[in-house]
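Q: Each chain is listed here by its residues.
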Amino acid sequence: MNGYAGRVLYVDLTTGKTRTEKLNEDFAKKYIGGIGLGMRFWLANSKAGVDAYSADNPLVLALGPISGTMFPTGGNGHAFISKSPATGGVGEAVSHGTFGAELKRAGYDAVILTGKSDRPVFLWIDDDSVQLLDAAHLMGKSPSETEDTIKDEIGDYYIRVASIGLAGEKLSKIACIINEKTRAAGRTGLGGVMGSKNLKAIAVRGTRDIVPAKPDEFMDLVREYHERMKGPATQKYRTLGTVENILINNDQFCMPTRNYRNAHFEDAASVSGEAVNERYVAKIIACSSCPMRCEHEAVIRDGAYKGTMARIEYESLWAMGPYTGVSKLDAIIKAAELCNFYGMDAQSAGVTVGFVMDCHEKGILTHDDLTGIDAHFGNAEALLQLLEKMGKREGIGDMLADGVKAAAEKIGKGSDKLAQQIKGLEVTGYDLRCLKTAALASAVSFRGADQNRSNAYAVDLKGKVDRLKAEKGRGKIVKDLEDTYALLDSIMICKNARGTLYKETQDMAKIYNLATGYDIAPEELAAAGERINTLARLINIREGKSRKDDTLPWKVMNEPIPDDGPVKGAVVTQDELDLLLDDYYESRGWTLEGVPPSTKLKQLGMDDLSGIVESKQEA
Amino acid sequence: MVKIHERKFVSCDPDKCVGCQICEYACSYTKEKAFNPIKSRIRVVRQNQVVNMAVACRLCEEPACVAACPRDALTQSDETGTIMIDKDKCNGCGWCIEACDYGAMMLHPETKTVYTCDLCKEKTDGPQCVKWCPEEALTVVTSDVLAQKARISAIKKLFQEKKQQ
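In order, the protein sequences belong to chains A and B. Going by our numbering, the letters in the first sequence line up with residues 78 to 696, in that order. Going by our numbering, the letters in the second sequence line up with residues 157 to 321, in that order.
Chain B extracted, bound-state conformation (with noise of 0.2 Å):
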């Protein structure tokens, strides 16, 4: 089982994300050839015009949809740590979305089962809306990797301020 700290998953900057589209666009096109947002495995949401953010699977230890699945159609990956759904048992019953606190899991129009980001797993070049992100504002990371950003930046804020006085 791959450990926490090495599981890499779709993180948005929210300081850089405009709030596009195209990281739907591309995973629609990806997924299921076709523009569809409603296709696609990650979504925007604007909540006003300066607050933008993408959120796809934050690939959970002990990931809420998995037990809340009472068909054991939800499993998650040893190898990457994504959230696998076996088609035949899923029966669109909708309890994963419930149990999922980042609207990370949807409902297909189509196949009327649950699908969620699988880090494009078919792809040899990792996530399509990453390459896509015209801003940069997608990366593949680790939480070790998030906080290491987070502390470099904070310190560089604080000793270009002290430079600065």
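Excised from the complex, chain A in its bound form (with noise of 0.2 Å):
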């Protein structure tokens, strides 16, 4: 087989046992790899309404058709899926780096983790021997920590290592898994299911060739992508960074500040993509493969947090930053490598803050419920005593290391109507109030309040549509957008580099072709990304979701935008998300309840799994 390496590995943690299986051809065919593999992969592994940290619920992980050749960042990315806990539907993250690529050398496509261990281990995949090895002394280490330690006992430097720190090991909702110290399969929470399993951290050493079905061919097309990535299609990452959407954004009214009090942060300029490449950003790094290289490294060299180093982008800058109304850059660096130590992710912890924030000014959240914090907007120093005690479970932080939806449930007093999250997941930087074709994508999107699903804040802002109107049409294109995202983490292609697939679908059918030999139509492959979107409708649908979890946070159907500007009053109402909710599923071909009906699943090809919708296309 080329470009699948065509073997799964199973990994049952209550017994020790592992075994390989064949991969399943049909299941490669029809969902790609990456999130619509292991999507798929979940599904046959699970029953329906399994709670997320039982171990009864599989944490999967997933390799792309192209993972581990040299094709520009297509090579070097790997997906975890799982029932995540802070939605209670489909979970699923991706991350780059190199961790993918190794563990393809490895011979996996994909490790499907069942069970749970009696006592804390780590997953040592090294070629065909894998063991579940002791990781007692791992327990309480940050990522980076556990990687160094896991490389210095294994002695070899070159192997790579996906682990959790220690929000993860406390079952944190918004823990993440870290590879490489500073890429993170972020979002959904399911750095607390690997948590659930006593899994520290699975390390990998992989030594065999991958080898394109086409090489020659194959090789072409890398120098033909490495050329277009020296282009305008990738500017952004290359020069200032994602974090060059603070002044954009804020611009443009549409950067959520304050807990959603406000749409634009008169400290902008303070905390902007400009100010922080010139301040601290110290070098930009590239995970394997990518000639783009996009990952911008901010080091403070003196003062109160001199030593710290993180990753920062857009969104982790804005959730610390203008979230929480934070406007000192060397304090919102500190935030995100705090999260990277204790192993949260950066957006929902920043969104968690501000939540925390809001109560505490609403007077819902006391001094003394705060043990003293003085949780005002703008103070950094509660931003990261809060973290502290996010990381640690410690005091408040116990109740907040759940996100903003379990901390509104024992909180109460009105609180939910301050959590801003859609499906339980935390929202992110873009304010949905006045883009309204990504509030309906963020309404829809699988895992909850996200962005990447679709990145539809593209079409409110480049003036495509008018953002402030809901209106019939908008369904098509996040539905189209949708598929072509789909795709992307199922192929494995950063997002970041998507503007260098000129023709999208056609582009990467001749990618997937060279790699693994098969002759697939772009049609059939677009077919293939609305198939791994009604997959993940039909998890959530199996897993009890319906058209009312299809909705967008309190504020942003009740506070219209305050502020003096051009989306002044914006906000979305009942009306305009049911009309975007119905031409959306017409779009879909699904019915207004916002299932897909079996004629549907048919015609996708999924007829095995229409026993999920059968009870309900009636209603």
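Just so you know, the hints here were simulated from the structure itself, not pulled from any lab data. Heads up, some of the hints might be wrong.
Claimed, not checked - Reference listing, derived: stretches of chain B covered by chain A, where coverage requires no fewer than 3 residues with Cβ under 8 Å from a Cβ of chain A:
| id | stretch |
| --- | --- |
| 1 | 170–183 |
| 2 | 191–197 |
| 3 | 303–317 |
Where is the CB? At the ideal position from N, CA and C, for every residue including glycine.
Two chains, two separate frames, one set of hints: put the complex together.
A: Here it is as structure tokens:
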């Protein structure tokens, strides 16, 4: 087999038994790889209603068909898939780096982790040899320390490690899984799932050759993409990086500030991408095989946070900065480092801190509740103190470590109105009140509040549509974007490189075919994108979700943007949301309840899953 | 015998290197028709997130690897200064690997003999890692040219600073 390794590794953490199975080629062709293939494996290995933290919830690690090749950004990704403890629906998070390529060289397309170990262990995959090793001495260590310790112990400094921090060990629902110190499979709390299995880390050494089906043509294609990556499509990532969005979004009044109290941050200039690059970015580094290189490493050389080093991106900078009202860049970088140290998703962590500050200013959480932490918007010290508490699950942090939805349920007193989340996942850095295509995309995103399932905000911001208007046609826009993004995360091409795929599906089909030797038409691949989104929907339906869960945070629907500017007064009404949802479901060929009918499943070659919707489609 | 002043090797500028490993992929593909970093003649070290550098054979004067080989499997090319390995004589003992201060000598996982950078002698356009490096961090140079470049950049910096004052 080319492209695919052709093997899937099963690890039962309860019994310690491992086995490999031949890759199901039908799954591979239908669901491609990455999140698509991973979700299909998860569905096949779990029962409806499984608790995210029970031994019966599998954690799937999946690679793409071009993982391990030299294809720029494509060779280096991996995806974790499971039931999300944060949303109760499908959880998936993608990371890049070198870990995925190493696992492919070890000869696996996916690793399916089931059961639960009775003591802390780490998984050591050394080509064909697979062992569960004692991890008692790794407990409490940060992912970075864990990686260094494992490399020392095994005595190989080129092995790759993905691990959880203290947050994951303590079952935080915002815990992530970090590889190579600064790359995170961040969202949906999968670090908590790994922690619930008593699995501290996965270490890999792979020594097999990766050879594409058509090597010479494949290399020509790689050469072409190297050229494309020097062009305008990737300029943003190569220069200021995603942090460039701070000033762009602020100027457009679409940067959620102080827990959605504002859509504009008056101190944006002091936390801008320009400022962080000028003052702190010491180096831009690359994932394996990537000529674009976009990872901006911020280093603090003096002052209170001397020695701090963290990767900085728009979402982490926004969440720690404007969202909490903090305008001290050094503290924001320290906050990002703390998230890496404890293994918390920086977006969810920052939004949670913003929520606490809002609760405090509204009198819902008192000084005593906060054990003396002065949680006012803009207090950098409070930001860091709260993150420490959350990472350790100490005091108030115990309640906050599960994100805003769970915290609001415990706090009560109307705090749910301040909890800016969808399906249990915290919002991202785009004010949905004035980006109505993005509002629809976030409402229907299968993993909860997120921009990464479609990047629909770009349609709004580029002026392709009237961003303040909810109208028919947005459903089709979101559907098409979602299908493309599902493919990116399944073939596993970095979303920052999507601009180099000039002809999107056609380009992806070419890459896929040269790697695998298959001859799949672009239309078939496009159908796979639709199939993967439908699969995610089926999982969410099986786990009890329906149209009512495709909704928006309270403030997005009830508190109009107050800032003087082009979008003052913008809000999304229930009528607008209903119109958008109807349009989206219709464009997907789903019922008005958001259920894909069996006819649709048949058309997509998914009849094997029609049992999930049989009782629901008549409604 | 090529003089040390004329001997060119693959040099990496750590200020430019981003640790992308494209050199490793390009090398293993050129030499072995496969993507596999452990078969690359050049290897990347990421000491921490901000320190990245690729290392390949330095073509030393009086190379320690050659001296260390008890089976006379290693010789230095008169023409280019690269280290040539007689695969029939090499038994993979690894003394040359131990002797090399740069980690530029490696043991092949399948042939069980050692290998190192030969400057892509079969390619008319020179070392492929250099061609592929997207950051232009890799160059084929002599030590003398490296010293020249360092001098020029030091002087440039000095006079730029003077101008600003």
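Q: Could you check the structure against the hints above and give me the numbers of any it violates, in ascending order?
A: As far as the earlier hints go, only 3 is violated by this structure.
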